[in-house]
Structures are given as C-alpha cells and as structure tokens.
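Going line by line, the protein sequences match chains A and B. Here the first sequence is numbered in the working numbering, starting from 2 and rising by one per residue. Here the second sequence is numbered in the working numbering, starting from 2 and rising by one per residue.
Keep in mind the hints are simulated off the structure, nothing from the lab. Possibly wrong hints are sitting among the right ones.
Derived DMTMM-like pairs: lysine to aspartate or glutamate, alpha-carbon spacing no greater than 25 angstroms straight-line [what the hints assert, rightly or not]:
id: 1; chain 1: A; residue 1: Lys296; chain 2: B; residue 2: Glu287
id: 2; chain 1: A; residue 1: Lys296; chain 2: B; residue 2: Glu280
id: 3; chain 1: A; residue 1: Lys8; chain 2: A; residue 2: Glu176
id: 4; chain 1: B; residue 1: Lys296; chain 2: A; residue 2: Glu176
id: 5; chain 1: B; residue 1: Lys296; chain 2: A; residue 2: Glu280
id: 6; chain 1: A; residue 1: Lys19; chain 2: A; residue 2: Asp133
id: 7; chain 1: A; residue 1: Lys296; chain 2: B; residue 2: Glu286
id: 8; chain 1: B; residue 1: Lys296; chain 2: B; residue 2: Glu227
The following residues of chain A were derived to be distant from chain B, with all beta-carbon distances above 10 angstroms [said to hold, decoys possible]:
id: 9; residue: Arg3
id: 10; residue: Glu36
id: 11; residue: Ile97
id: 12; residue: His132
id: 13; residue: Arg180
id: 14; residue: Asp205
id: 15; residue: Leu221
id: 16; residue: Phe242
id: 17; residue: Ala264
id: 18; residue: Arg274
id: 19; residue: Ile282
id: 20; residue: Gly306
id: 21; residue: Thr311
Since the structure is predicted, the reported quantities are computational estimates derived from the model, not experimental observations. Where a beta carbon is used, it is the ideal one built from N, C-alpha and C, also for glycine.
Number of protein chains: 2
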Amino acid sequence: MRHGPWKKMLVMTEGYAKTYSAKAATGVIRYCRDEIVGILDSQYAGGDMGAVLGAGGGLTVVADVASARPLGPQTLLLGVAPIGGALPDGWRRQIIDALNAGLDVVSGLHHFLSDDPELAALAAKKGRTIHDLRRPRENVPVACNLASRMDARRVLTVGSDGCVGKMFASIEVTEELLRRGRDADFVATGQIGIMISGRGVPVDHVISDFMAGAVEQELLGRERHEVFVIEGQGSILHPGFSGVTLALMHGAAPDAMIFCHSATRETQIGGIRIPPVGEQIALHEELCRHTHTSKVIGISLNCAGLDTETARAAVDRIQGETGLPATDPVKFGAGPLADAVEAIL
Amino acid sequence: MRHGPWKKMLVMTEGYAKTYSAKAATGVIRYCRDEIVGILDSQYAGGDMGAVLGAGGGLTVVADVASARPLGPQTLLLGVAPIGGALPDGWRRQIIDALNAGLDVVSGLHHFLSDDPELAALAAKKGRTIHDLRRPRENVPVACNLASRMDARRVLTVGSDGCVGKMFASIEVTEELLRRGRDADFVATGQIGIMISGRGVPVDHVISDFMAGAVEQELLGRERHEVFVIEGQGSILHPGFSGVTLALMHGAAPDAMIFCHSATRETQIGGIRIPPVGEQIALHEELCRHTHTSKVIGISLNCAGLDTETARAAVDRIQGETGLPATDPVKFGAGPLADAVEAIL
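Only chain A is shown next, with the shape it has when bound in the complex (with noise of 0.2 angstroms):
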C-alpha cells in the first residue's frame, strides 16, 4: 500500500499515551515502522512503550526534541487525534522546539498550526513546513449521488462505535486485496488514515454542506482501481459523529460494508448503549437502499485485549449471529473479509 512522504518521524505521544487518542501513534507506529526513529513522551522516556500502545515496543522514547538529536528525526508527527482536535496543553513547546531543531510537522489537529501566528511564523523563518492534514480542499460541490455511477466497486467500512478499528480494517483488507493481485486502493477519510497513506479527504473537518461532496470529489479524483476500499468514521447512533458517518455512506455510495464492532465495549464512548450488531446491519442497509442498495458483508470484530482462544470464541459467535464472515483482522488477518470483498468483483 502507498505511504505517506514523510521521512525519518519522531511520533509525538506526550500525555496521551494511555488514551483513545493515542491510535495516531498506534496506527503509524504499525503501518509506517520503517520511517519512524523514535517517540517523544516524557512519561516512558529511557522505556518502552509497545505495551502501552500496543505497537512500538524496541522503539527509542525520548523526553524531548533535543534528546532525539542522536536519532536524527527530519518529521515530527503529533501521535493524537483528541477529540475535538485543540492543540493539547504543552505541546507549543515541543512544537517550537521541533521547528528550531529543523524539523517538519505533521499535524492532524482541527486547530490548523500553520494558521498558528506563532508556529508559521517560526516555521518561514526555518524554512520548514508544517502538514495539517485535515485541511480540506476549497471549491467542493454538494453531493449528488456521482460515486454511485463509477466503475469501481466501493466498499466502505462502517461500524457501532467511534475508535472500534474502521481504520485498520480497512487498511489490512487493503492490503489483504493486494497480496492476492487485486487492484485495490485505500481510500483515508481522517487525520491518521491520512498520516499513514499521504492522502485522502479530512471529512470531518469539511463545511457540513459539502461532506459527502468532499468524500465523492475524493473518490472521482482518483486514479482508477478494481476496488476503492473507504475508512469510515464515526457511527450512525454515535450523537457526536453521526453527521459525518451518513454524509461518507451517502457520498461514497458504497456497494457494500464492512461492520466494525467490538467484542468488549457495551456502550459507546459517550455512554449510549450499542444494540445488537442485527439491528444495526439492517438500519446501515435501509440507509443505503435509496440512492444505491449495499449490503453488509463481513464482520471485523475488534478484539483487543483478549487472549487468542477467548477472541476466537467471540469471532465465532458473531459470525453464527449474523450469517457474515468474521474476523479480528490484526489478530487473525483479514483473510475472510478480503474474501468477501473478491466476491462483488
């Protein structure tokens, strides 16, 4: 799969490391290891962090930029995506830092640093540059049900929680598709899907008219592919992220859905409770159904935290529930998925 251009990073996890936010780093960390030279975090410095995210274990941890000299960062790249997307509280410092030490950064916040007076300022008179990458492109249209009538097929992650492995599903039966010789394209709707493939469309950073209009303009503005495979965002029961969930289904007119659900949460992160995967299917295709039918047609169920046998157990029980091909895709690969992404070719 393609990768971002950015070289030689230091993954910025500073205070996060322990939280939701930190499946920035985690996501490059895993998609990107050969270009990342370290990870700034004061609390693990001199340790190692694989536990703690998940990922990154061997990987140096300094306390600060000037203590990553030895490792020769050219990138730093800020490894959160907080909720609400405001610059956390210290990070200024490390930020300037960087800039003064002759790094790039690449930054996903909703607050854009380059719009910083502060940071562009320093970062012209560095000549470095500074990546927002959720800064959407200008001129987009509203949508008008375009992706519908391409060639391509679409397959769009979806799913019942925010923070549920939309992402990587997405990414791993991508890149399933391409070790079998399938023509298949990773499509990133959000800051660390951007941060990993170099491009894509920030949709939750879009004017709420022309959400869908962005993901379609995305998906017309590539080149062509067998297959386009969509991160989804959000969920469609989730109050603060419903919005953009509908606008990527309605834009990128899926012609079918991966469901992304956990085997542990209950609830969503904000505190409504997740009802049974069925229902949730049948309301994702009912959606769908008017402006271009798609149909669920796997599961990839996050199994984090669970040993091997208790996640195969889990896997098995929704696959039985639903009648769908199922699999943890970074536990037990994507393979079923990928299978049922070959069937509509």
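Guided by the hints, dock chain B onto chain A, whose structure is given.
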C-alpha cells in the same frame, strides 16, 4: 414570534425568482413584511412578483439599487439560498452599489461577504455592516447528547426532501402555540430562519465534527422556554444533505418530530425516488431511539400549487395512511400540529 433586527429591507432575488433558491425571499416577505420596502429584480421591475414568489404581491419591484432610493431602504437582503451557497454572478455589482448608497447587507451565502477584501473594505469605508448569517460561533465542542437532559420539550421538523416546508412548518407551529398562550421558541438552523428570527445556528456551515455540538450549544444557550420548535434541514435520504439532517436529530435530541412532505413531489431534488412516508417515519424513529426516544407526532404536507379541494383531499389521504394528524400549515393553519405538540407538554 421574535423577528430579526434588520429594518427597511430591499430584498434581492435577481435571476433567481423562479428557482427553489427564492424561498429565502418568500420566507422573509411572509414573516417580516412590515420591514420590507421593495424587491430588487430587474426582470420584474415595475411589475408585481406576488404570483412569481408566492408572496410579496403589492411590493414595489425595482431594477437596481439607484431606483430603490425613493423607497428609503436601509438594508439589502440577499433573498436567495442557492445550493452550494456561492455568490451568484452579477450580484457583486449590486452589493457594491448598496454599500455605496449607505445600506447594510444581510447574506446567508456560504461565501462570506465580510471576508471578501473588496466588499469588506468598502463596507468599512462607508461605515456599513455586512451580516454573514452562516458564520458559526467559535469553540463549539463535539456533541454528547446533552440536549436530551433539558427540561424544555424539543420538537424537530424533519422531512422527505429539502425545500419541502420544514422552516414554514416550524414557524407556523411556533406562532400557533404562542397564540394559544404557550411559551414556544422557534430555533432557526438555516440562513432563512436566521434572516427571519435574527438568530439561530447555521448548522450547514459548521465544521462537520461540530455540527451536532453546535445544535446542542444553541439549545443549551437559550433562555428557558416550555418548548423549542427546531427547524430541520435536508433529509436523511438526500445524498447531499443527509449528514446535516442526522446531526440535527442527534444534536437536538427531540422529544417529537413533525414530518414534512410534499403532496406533489415523487423524487427528491437531485432525482432520488421518495419512499413511502410510513417507511421514512419508522427510519427516523429508529435513528433516534438509541440516543433519545422520539416519535413523529404529525405530518406537515406542502400542497403548494394545488387548489384547496385537492390539497384538502391530499391532507386527508396522508392522515388516513399514517394515522397521524396532518395539515398544510400555510393553506390550512398549523392547528392540528399545535394540538399534537400540546399533547406532549
């Protein structure tokens, strides 16, 4: 009902009088007639636009700002809501003329006139104000279902398409409740509602992650009322606008919904076939059920273009089909819908 603060308005429809976009002019003329001095539309200058707009009969129509001088205008209101919200060709000249003539400008376009260097500089020079009604408030959080805990009842209009009468229904129901001595408050969520009521949340011009949060904050920030009647937007089945619609549903956490439908439209603007109303009602209720239980309590049927007898028959038919109180609030008054709202107070 509280109205906007703008006085002696000249309403411009130039080039759009016969389009859906002119609903902005129609709405403002209907509800703020006392503050309108004339209409600017060169195609109809010297004539009467009552039949063209479905409102505004008897208002003087002029071809340009200079000709409006005897009317004593203080405000130029851009009376269109074009899809995409760009500045229509040829309007710049009229806006410049208006600022030069000492008028303020009220605009609901996505293209912010007060960010336009030429127009902003001219307004500053002339001491005039440009009101961009779609500019959202800053620092809005991601929603977390807070509206569901409010004491005040919340009624949201939803519907089978855009431009189907959600704003009209919301205002008519509010006014009928006020006539009955109820403490009702209209909550505008789009440019036209904001033009009419002078405030609200421009939910289609919010960064997408914060749509539902903006709705939540608008409700939480208002003085206390017995019931909020909240203007809906778009349709959950319209591929261009569905995300905004769902964000409104989850941000407002309505106790009840009024379903707005057209008696004559079989396909949405854009071409999607409109499914049976009963199916749509079930889908709306299902999407609310997990965050805050909400029932559709009545139907607002837009019978524009039908004679009274045909309209009456259409209202009776949908009432029979759904078992819910129905009316065309513009033709027959909002009584049955106000009854349904009072039943939940």
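Verification of the hints:
1. A:Lys296 - B:Glu287: holds (19 angstroms)
2. A:Lys296 - B:Glu280: Status holds; Cα separation ~19 angstroms.
3. A:Lys8 - A:Glu176: Distance of about 21 angstroms is within 25 angstroms: holds.
4. B:Lys296 - A:Glu176: violated (44 angstroms)
5. B:Lys296 - A:Glu280: Measuring from Cα to Cα gives roughly 19 angstroms; hence the hint holds.
6. A:Lys19 - A:Asp133: holds (24 angstroms)
7. A:Lys296 - B:Glu286: holds (22 angstroms)
8. B:Lys296 - B:Glu227: holds (18 angstroms)
9. Arg3: holds (25 angstroms)
10. Glu36: About 28 angstroms separates Glu36 (chain A) from the closest Cβ of chain B, which puts it past 10 angstroms; holds.
11. Ile97: holds (23 angstroms)
12. His132: holds (19 angstroms)
13. Arg180: Its Cβ never comes within 10 angstroms of chain B, the nearest being 33 angstroms, so this holds.
14. Asp205: Incorrect as stated: the minimum Cβ-Cβ distance to chain B is 4 angstroms, not above 10 angstroms.
15. Leu221: Consistent with the label, Leu221 (chain A) stays out of reach of chain B, its closest Cβ about 14 angstroms off (over 10 angstroms).
16. Phe242: Answer for Phe242 (chain A): violated, closest chain B Cβ roughly 7 angstroms.
17. Ala264: The claim holds: Ala264 (chain A) sits with its nearest Cβ about 20 angstroms from chain B, beyond 10 angstroms.
18. Arg274: violated (7 angstroms)
19. Ile282: holds (13 angstroms)
20. Gly306: holds (24 angstroms)
21. Thr311: holds (27 angstroms)
Of the numbered hints listed earlier, those contradicted by the structure are 4, 14, 16 and 18.
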